[in-house]
Amino acid sequence: MAEQLPIYLDHNATTPIDPLVLEAMMPYLTGEFGNAASRSHSFGWKAEAAVENAREQVARLIGANAKDIIFTSGATESDNLAIKGLARMYQDKGRQIITCQTEHKAVLDTCRRLEEAGFEITFLKPDRFGVVSSEQVAQALTDRTILVSLMAGNNEIGTLHPIGQIGAVTRQRGVFFHCDATQAVGKIPIDVEAMNIDLLSLSAHKFYGPKGAGALYARRARPRVRLVCQMDGGGHERGLRSGTLNVPGIVGMGAAAELAGRHMSDESVRLTQLRDRLHQGITSRLDGVSLNGHPTQRLPNTLNLSFAYVEGEALMMKIRDLAVSSGSACTSASLEPSHVLRAIGVPDALAHGSIRFSLGRCNTVEQIDYAIEQVIVAVNELRELSPLYEMDQQQRQTQKG
Amino acid sequence: MKYSEKVIDHFNNPRNVGSLDKNSLNVGTGIVGAPECGDVMKLQIEVNQEGKIVDAKFKTFGCGSAIAASSLATEWLKGRHVEQAGEIRNTDIANELSLPPVKIHCSVLAEDAVRAAIEDWKRKNVIKPAEQAQIVSAQPGGSGSRDCEQK
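Residue numbers (numbering that gives the first Met the number 0), protein chains in the order written: chain H, 0 to 400; chain B, 0 to 150.
Please note that the accuracy of each hint is not assured.
Stated by the list, open to error - Chain H stretches covered by chain B per the calculated footprint, using a threshold of three residues with CB under 8 Å from any CB of chain B: (1) 84 to 98; (2) 299 to 310; (3) 344 to 358; (4) 376 to 390.
No lab work stands behind these hints, which were simulated from the structure alone. By construction, the Cβ of each residue, glycine as well, lies at the ideal position given by its N, Cα and C atoms.
With the hints as constraints, model all of the structure from the sequences given.
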């Protein structure tokens, strides 16, 4: 195969920088090195203008007012600023925060930190597809609730929460709504007005922008969200995020946001087709393969499969030509299987045998067909090695006999 | 996970994959681990009249190092006298494969599998009431089972 190997199928981890994004960034990594906060000379003015242009570009992608965008280092920082910042600001009003068991660690661990500080955290349990319904949210709300934090698209299984419906509930009940949209931005349409989102986290490197650049959307009106800043310093970004702005990163994020907006509708159709081709290609020739996540309400690029009788890390070692990730405990430092798969009720044995394929802009039909072959060969080889497969086959023989 | 070349070699070319007749008197079978913990090893030895291990086979559900550890164990078992087979230590396996610290449990599991196989053979062939009491089941969740947390 003439294709370059390995094939990158891990776009939910990160994406390559689009060449046009890099081009947009280059001047700010070289000659235009000014500090956006320098008010006294053209170096500073040019940097500031570039940052404000990027702010417009990012805002447009999520239907926001540019003034409501705060640049950060990435979605983890945005999540921390949104949740801790809001909790500290409104703790006298109430101390309950509602979130979900399948959130990213940046949200879960932030909430746990607040729990230690005396906040009451409600971790909603999703259904077997990973969905939390607006009814569940409505039922969990109390007069102590100050924030609901739910992700748009899950990073591991791709399941989409009904964000618009949840936003309608929180708005009606007068509770703030934070949405970690790190995986969804650039892949599916997000509109903070239509969805009644008050705070939204996003990260450039998930949509072909640079690493180290992110943003928090924080609504300034109808209703106004107030936050306590997490870092003290020069009072940048409305006083909410002190620190010299990462001008090249921000410019790259803006350019990436504009490109994402332009490509989204075509690309989501194309990726859905490729993803389903991969899914069907594998399941049509292998038994004991199950989908983790929602069959349809899912990010267009994400396919999380469990392969019975094999372990995920071993499977990844076999498919060296494919860059993927696994929910297996053996791939994590903690040796715990994925908290997301556990929360949706996937048995641990199957969680250990899970692989996440996340497709992206560079993937082709040829690559997907190659990936199908690789996966089938690898799973069959490992099943020949697996005592569980042998026992199961023997049991079936006995039942037949 | 970055593995040593020896792990990669055993993983890509596992030695002695397969199964022996578990009902045979000459065969000892050890099955250790648990699917929910992410690794199950089945290790079998065939012992001749002189007490020498003439064949060893394994099948493993688990990560790369679990497969490598059991593959290596079968290599070390073949040709040994059954009385010396129990001298195979997890530390030797871990050292030979240069296992990273988080994968030491794979070598522990391999040692457990070796012991379980020997015990199963002994149960079939050496009848000493004192030992009989100590022999534990060679089923999953038996002698080799441990909490996943111990990994």
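Going down the list of hints, with the structure as the test:
1. 84 to 98: Three-residue rule not met by the stretch 84 to 98 of chain H, so violated; n is 0.
2. 299 to 310: holds (count 3)
3. 344 to 358: holds (count 4)
4. 376 to 390: holds (count 7)
The structure is inconsistent with hint 1 alone, although it conforms to all the rest.
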